[in-house]
Amino acid sequence: MRKFLVVLDESRECLNAMRFAAMRAAHTQAGVEILAVIAPEEFNHWIGVGDLMREESRERIHAHFEVFAKWMRDKQGIDPELVIREGEPVDEIMAQVMEDSDIGVLVLGAGTGKKGPGPLVTQLTKSSGSLPIPITIVPGDLSKERLEAIT
Numbered sequence: 001m002r003k004f005l006v007v008l009d010e011s012r013e014c015l016n017a018m019r020f021a022a023m024r025a026a027h028t029q030a031g032v033e034i035l036a037v038i039a040p041e042e043f044n045h046w047i048g049v050g051d052l053m054r055e056e057s058r059e060r061i062h063a064h065f066e067v068f069a070k071w072m073r074d075k076q077g078i079d080p081e082l083v084i085r086e087g088e089p090v091d092e093i094m095a096q097v098m099e100d101s102d103i104g105v106l107v108l109g110a111g112t113g114k115k116g117p118g119p120l121v122t123q124l125t126k127s128s129g130s131l132p133i134p135i136t137i138v139p140g141d142l143s144k145e146r147l148e149a150i151t
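Under full-length UniProt numbering, the first residue of the sequence shown is numbered 1, with each subsequent residue one higher.
Everything labelled a hint here was simulated from the structure, so no lab data went into it. Be careful, since some hints might not be right.
With a straight-line cut-off of 30 Å between C-alpha atoms, the simulated DSSO-like cross-links for lysine-lysine are [as the list claims (entries may be wrong)]: (1) 144 - 75; (2) 126 - 144; (3) 144 - 115; (4) 114 - 144; (5) 144 - 70; (6) 75 - 3; (7) 126 - 115; (8) 114 - 126; (9) 144 - 3; (10) 3 - 70.
All figures in this text were calculated on a predicted structure; none of them were measured in a lab.
Using the sequences and the accompanying hints, generate a full structural model.
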């Protein structure tokens, strides 16, 4: 089965990327894989403190995931899967795409602020020529109604 890969992070634009991936998956009978990446700089502490911080990060990710997963199940009939990786976000996204041959599309949300689309969009579009799948970039300021019309 083809899957849409979407990145779970703390950004505002993540919401539209999640919506888009779920709606497209529902319309095309595909799946959704949600990837959360824990950056290594979060754990540059003593071993015990680093382990505790890692566990707290995982708990936050699971709680955040459950909010999106409930919406996907209730509104779109999609049961997403969660993957958590540790490392540099772009490297881990690329690795996940390369390792999971069921992933058919990478969905990213673009920021709307003065800083541009965001670091993931900027860095991954530079590498897009070497990816085996297309990237869909969802504008962060699209309304729910517009997303529904597009998908």
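Taking the hints in turn, this is what the structure says about them:
1. 144 - 75: This hinted pair holds, its Cα atoms lying about 13 Å apart.
2. 126 - 144: 29 Å, holds
3. 144 - 115: Within the cut-off at roughly 24 Å; holds.
4. 114 - 144: Holds, because 23 Å separates the two Cα atoms, which is no more than 30 Å.
5. 144 - 70: 17 Å, holds
6. 75 - 3: At roughly 18 Å apart (the allowed maximum being 30 Å), residue 3 and residue 75 satisfy the hint.
7. 126 - 115: 17 Å, holds
8. 114 - 126: 20 Å, holds
9. 144 - 3: Answer holds: residue 144 to residue 3 is near 22 Å, not above 30 Å.
10. 3 - 70: 18 Å, holds
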